[in-house]
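K.L.:
Now for the letters of each chain:
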Amino acid sequence: ELKVEQNPLFLSMQEGKNYTIYCNYSTTSDRLYWYRQDPGKSLESLFVLLSNGAVKQEGRLMASLDTKARLSTLHITAAVHDLSATYFCAVETTGGADGLTFGKGTHLIIQP
Amino acid sequence: DAGVTQSPTHLIKTRGQHVTLRCSPISGHKSVSWYQQVLGQGPQFIFQYYEKEERGRGNFPDRFSARQFPNYSSELNVNALLLGDSALYLCASSSWYLTQYFGPGTRLTVL
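Chains A and B are the protein sequences, given in the same order.
Per the working numbering, the first sequence runs over residues 1 to 112.
Per the working numbering, the second sequence runs over residues 113 to 223.
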C-alpha cells in the first residue's frame, strides 16, 4: 500500500524566512504533485514533478524530486503572509488508475 | 474557460438517507475522479472514470457508487448515509494521465 508522509504537519514562521516542507512516499511513483488549499476552498495545483532531479519554481516556491530517495521538497523563500495555506503533496502510480494518494498536509501560517 | 463545477455546494442529510453529487469537468477533459476529504486530512480517492468506464476504485464500501455520462459529467451516489460520511467531496478532471484539476467541492453534513 502506497503511503505518503509529510512533515512538518504544522508550521508557523515569520515573513522573510526560508523553510522546507518534506514529502516521503513508500513506492515507486509515476509523478508527484504539490497542491495548495486555502481554508474552506478546493485544491489549487502548484507543481507536477515527473522525473528524478526535476525542479520547478514559481515565485517564492520551489519544488524538487528525488525518486531514488522517494523524497520531494517544497521550499519557501522569503515567506510572505499570502503564502499561508495548507500544502499537500500527492503521488500518482499505476498509470493513474488508483488516483492520487495524498499526504496529510502541512498547515503553514506566516506571521508578519 | 470554466473550471470544474460541482453541485450542490452544501448539503445536509440525515443518517440512512441517500445523496447524489454532481460534477462537470473542464471542457475537453474525459477523465473524472472523486475524492473524499474529511476535516483536517488529505483527500482520499474514491473513483476514477474515463470515457464512461470505471478505471479505478479506492477503498470505500459498496454504498458508494458513481457513473459518467456521455458528456463526461459525473455523479457520485452514496446510500445509507452514516455520520462518518460527513466530508468535503471533491471532483477532479483531467485529460488522461495529466494533471488533475479540482472543483470547489460539495460539503456534505450527515446528522
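Hints were generated in silico from the structure; no laboratory data involved.
Certain hints may be false.
[Claimed, not checked] Here are the simulated DSS-like pairs of lysine-lysine, each with C-alpha atoms no more than 30 Å apart in a straight line: (1) A:Lys3 to A:Lys56; (2) A:Lys104 to A:Lys41; (3) A:Lys56 to A:Lys68; (4) A:Lys56 to A:Lys104; (5) A:Lys56 to B:Lys125; (6) A:Lys41 to B:Lys125; (7) A:Lys56 to A:Lys41; (8) B:Lys164 to A:Lys41; (9) B:Lys125 to A:Lys17; (10) A:Lys68 to B:Lys164; (11) A:Lys68 to A:Lys41; (12) A:Lys68 to A:Lys104; (13) A:Lys68 to A:Lys3; (14) B:Lys164 to A:Lys17; (15) A:Lys3 to A:Lys104; (16) B:Lys125 to A:Lys104; (17) B:Lys164 to A:Lys3.
[To be verified] Pulled a few chain B residues facing chain A out of the computed Cβ check, cut under 7 Å: (18) Gly154; (19) Gln160; (20) Gly168; (21) Phe214.
Every residue gets a Cβ at the ideal spot worked out from N, C-alpha and C, and that includes glycine.
K.L.:
Against each hint, give a clear statement of whether it holds in the structure.
P.N.:
Evaluation of the provided hints:
1. A:Lys3 to A:Lys56: The hint holds at about 23 Å.
2. A:Lys104 to A:Lys41: With Cα atoms ~16 Å apart, lysine 104 of chain A and lysine 41 of chain A stay inside 30 Å; holds.
3. A:Lys56 to A:Lys68: holds (18 Å)
4. A:Lys56 to A:Lys104: Given that 30 Å is the threshold and the Cα spacing comes to 22 Å, the pair holds.
5. A:Lys56 to B:Lys125: Judged against 30 Å, a Cα distance of about 43 Å means the pair is violated.
6. A:Lys41 to B:Lys125: holds (21 Å)
7. A:Lys56 to A:Lys41: holds (24 Å)
8. B:Lys164 to A:Lys41: holds (28 Å)
9. B:Lys125 to A:Lys17: violated (45 Å)
10. A:Lys68 to B:Lys164: violated (36 Å)
11. A:Lys68 to A:Lys41: violated (34 Å)
12. A:Lys68 to A:Lys104: holds (22 Å)
13. A:Lys68 to A:Lys3: holds (16 Å)
14. B:Lys164 to A:Lys17: violated (48 Å)
15. A:Lys3 to A:Lys104: holds (10 Å)
16. B:Lys125 to A:Lys104: holds (27 Å)
17. B:Lys164 to A:Lys3: OK: lysine 164 of chain B and lysine 3 of chain A at ~29 Å, within 30 Å.
18. Gly154: The hint holds - glycine 154 of chain B has a Cβ within 7 Å of chain A, the shortest such distance being about 3 Å.
19. Gln160: For glutamine 160 of chain B, the interface hint holds, since the closest Cβ of chain A sits about 5 Å away, which is under 7 Å.
20. Gly168: It holds, given that the least Cβ distance between glycine 168 of chain B and chain A is near 4 Å, below 7 Å.
21. Phe214: Hint on phenylalanine 214 of chain B: holds, closest Cβ of chain A at ~4 Å, below 7 Å.
When the structure is compared with the earlier hints, violations turn up for hints 5, 9, 10, 11, 14 and for no others.
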